[in-house]
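Using the sequences plus the hints, can you model the full thing?
If you read the sequences in order, they're chains Z and E.
Our numbering numbers the first residue of the first sequence as 1 and each following residue consecutively.
Our numbering numbers the first residue of the second sequence as 1 and each following residue consecutively.
Note that these hints are calculated values from the structure, not bench results.
Hints may contain errors.
To be verified - Here are some chain Z residues pointing at chain E (derived, C-beta under 7 Å):
no. : residue
1   : Asn52
2   : Leu86
3   : Phe88
4   : Asp93
5   : Gln94
6   : Phe96
7   : Phe106
8   : Gly107
9   : Gln110
10  : Leu111
11  : Leu142
12  : Cys158
Stated by the list, open to error - Pairs of lysine to any residue, SDA-like flavour, derived with a Cα cap of 25 Å:
no. : chain 1 : residue 1 : chain 2 : residue 2
13  : E       : Lys106    : Z       : Phe96
14  : Z       : Lys181    : Z       : Ala144
15  : Z       : Lys22     : Z       : Phe96
16  : Z       : Lys22     : Z       : Ala230
17  : Z       : Lys175    : Z       : Pro188
18  : Z       : Lys175    : Z       : Asp93
19  : Z       : Lys22     : Z       : Leu172
20  : Z       : Lys22     : Z       : Ser64
21  : Z       : Lys239    : Z       : Val217
22  : E       : Lys106    : Z       : Glu132
23  : E       : Lys106    : Z       : Asp90
24  : Z       : Lys136    : E       : Met147
25  : Z       : Lys136    : E       : Leu99
26  : E       : Lys106    : Z       : Ser170
27  : E       : Lys106    : Z       : Ser143
28  : Z       : Lys181    : Z       : Val202
29  : E       : Lys106    : E       : Val128
30  : E       : Lys106    : Z       : Leu142
31  : E       : Lys106    : Z       : Gln89
32  : Z       : Lys239    : Z       : Ser25
33  : Z       : Lys74     : Z       : Glu109
34  : E       : Lys106    : Z       : Ser171
35  : Z       : Lys136    : Z       : Glu179
36  : E       : Lys106    : Z       : Lys22
37  : E       : Lys106    : Z       : His141
38  : Z       : Lys74     : E       : Lys106
39  : Z       : Lys136    : E       : Gly151
40  : Z       : Lys136    : Z       : Asp90
The beta carbon of each residue, even a glycine, is placed where N, CA and C say it ideally should be.
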Amino acid sequence: MSVALEVVELRFRYGDATPALKGVSFSVEAGQCVGLIGPNGAGKSTLLLHLNGLLPETWPGEGSVAVDGLRAGKETLLEVRRRVGLMFQDPNDQLFCPTVYEDVAFGPEQLGLGEDGVRERVTRALATAGLEGFEKRSPQHLSAGEKRRVCLAGVLACDPSVLVLDEPTSSLDPKGRRELKELLRRIPITKLVATHDLELVVELCSRVVALDGGLVVAQGPTVEILSDEALMLRHGLEKPHALRHLHPH
Amino acid sequence: MRLRSRTRGADALRRDFLDRNGRLDSPIHRARPAVELVATLALVIATAFLPRQAWALLAVVLALLLATAAASQIPWRFVVRRVLWLEPFVLGVALLVLLDESGRMKRARASRSFTRQRSRTWHAMATVASQLFIRSTERADRIWAAMCARGWR
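Rendered as structure tokens:
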């Protein structure tokens with residue numbers, strides 16, 4: 001299997017503050033869905049921003065990020081951003097166009113596809129996200145679940161090779177969460193999911209990377225890592241209910 | 001947290017774009033920066049506090065702005081282009097963010113306001129104004145980052 005995403009010894013600090021990433025290394029194989037877990041302030045969001053070259057002060061700074069073998073750097077910035085589709089934690093930060101169509105079309109337009117190419121991408125992305133008929137709606141007036149799916153469609157329309165999701169299920173009701181989960185399961189792209197929703201990790205991800213204090217504290221098969229109750233508690237997490245039945249003790 | 005991501009070249013270009021008329025000589029250009037800042041803020045705040053249907057007063061504001069533009073000797077074509085063509089997009093996004101953010105803060109404040117003391121109100125308003133500015137800036141940064149993530153240069 002080929003490696004879709006490789007992060008090696010990545011370090012970063014905000015201004016003079018304590019370092020946010022202290023040498024993070026992990027890789028994601030093509031087609032895999034990997035959960036990125038850890039307490040608040042562990043460095044998850046900082047790491048995700050690095051994957052898209054959005055922390056430029058020192059970017060690529062210390063360590064390296066490579067997507068499909070392409071090492072992220074000044075020259076490769078735009079291509080890396082195209083290859084990595086980043087869905088932000090707050091849909092309101094991502095949706096800024098007056099209509100759903102325009103918002104989903106934003107990425108393809110940046111790619112310089114012609115009008116027909118853009119329309120084709122948008123139609124396909126909206127269909128994948130189950131949003132047919134939403135083209136003329138205003139993103140601001142949709143439900144949280146629908147907003148999420150518009151965000152996802154906007155990212156998918158860029159045809160990324162790795163999908164990076166920051167807290168995809170936060171603020172969703174059970175139905176919205178279930179729909180998003182099924183949707184993500186159907187999308188055959190490599191995925192990295194940063195979340196506190198450990199049940200989602202169990203349901204969706206085959207592997208996890210646990211981050212705490214800017215370091216990878218554990219990585220491996222989901223069930224193995226999340227079943228380690230002591231490890232989970234030590235890092236502000238807990239063993240998900242779904243696994244309590246599997247490994248009673 | 002700053003998420004700005006522009007290459008150095010683009011940054012320089014932008015600065016030139018913003019400052020193309022910065023070297024003109026006019027009463028406006030000669031005014032002290034502090035005066036300019038205070039006057040601009042005063043105008044923005046006064047306009048924001050105008051009742052919704054005070055058309056006459058809005059006309060006064062417009063006249064004031066036009067007079068300032070005339071006094072600054074910046075080419076009209078540049079002014080018109082900035083206002084009609086570029087600004088609606090940027091302003092639209094900024095205003096939406098500002099309104100949305102202020103709405104949320106208003107609700108948060110209302111749920112925890114129990115007194116109607118004037119001094120308290122002023123204090124709260126000052127806090128809200130500064131918070132609004134910071135939050136809008138941070139949010140604008142995040143929106144900018146999200147745009148970059150989808151290929152914006």
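Hint-by-hint comparison with the structure:
no.	hint	in the structure
1	Asn52	5 Å, holds
2	Leu86	4 Å, holds
3	Phe88	5 Å, holds
4	Asp93	4 Å, holds
5	Gln94	4 Å, holds
6	Phe96	6 Å, holds
7	Phe106	6 Å, holds
8	Gly107	4 Å, holds
9	Gln110	3 Å, holds
10	Leu111	6 Å, holds
11	Leu142	14 Å, violated
12	Cys158	6 Å, holds
13	Lys106(E) <-> Phe96(Z)	22 Å, holds
14	Lys181(Z) <-> Ala144(Z)	14 Å, holds
15	Lys22(Z) <-> Phe96(Z)	34 Å, violated
16	Lys22(Z) <-> Ala230(Z)	23 Å, holds
17	Lys175(Z) <-> Pro188(Z)	22 Å, holds
18	Lys175(Z) <-> Asp93(Z)	23 Å, holds
19	Lys22(Z) <-> Leu172(Z)	32 Å, violated
20	Lys22(Z) <-> Ser64(Z)	13 Å, holds
21	Lys239(Z) <-> Val217(Z)	16 Å, holds
22	Lys106(E) <-> Glu132(Z)	35 Å, violated
23	Lys106(E) <-> Asp90(Z)	20 Å, holds
24	Lys136(Z) <-> Met147(E)	20 Å, holds
25	Lys136(Z) <-> Leu99(E)	23 Å, holds
26	Lys106(E) <-> Ser170(Z)	23 Å, holds
27	Lys106(E) <-> Ser143(Z)	22 Å, holds
28	Lys181(Z) <-> Val202(Z)	11 Å, holds
29	Lys106(E) <-> Val128(E)	8 Å, holds
30	Lys106(E) <-> Leu142(Z)	22 Å, holds
31	Lys106(E) <-> Gln89(Z)	23 Å, holds
32	Lys239(Z) <-> Ser25(Z)	24 Å, holds
33	Lys74(Z) <-> Glu109(Z)	22 Å, holds
34	Lys106(E) <-> Ser171(Z)	21 Å, holds
35	Lys136(Z) <-> Glu179(Z)	22 Å, holds
36	Lys106(E) <-> Lys22(Z)	39 Å, violated
37	Lys106(E) <-> His141(Z)	20 Å, holds
38	Lys74(Z) <-> Lys106(E)	42 Å, violated
39	Lys136(Z) <-> Gly151(E)	23 Å, holds
40	Lys136(Z) <-> Asp90(Z)	22 Å, holds
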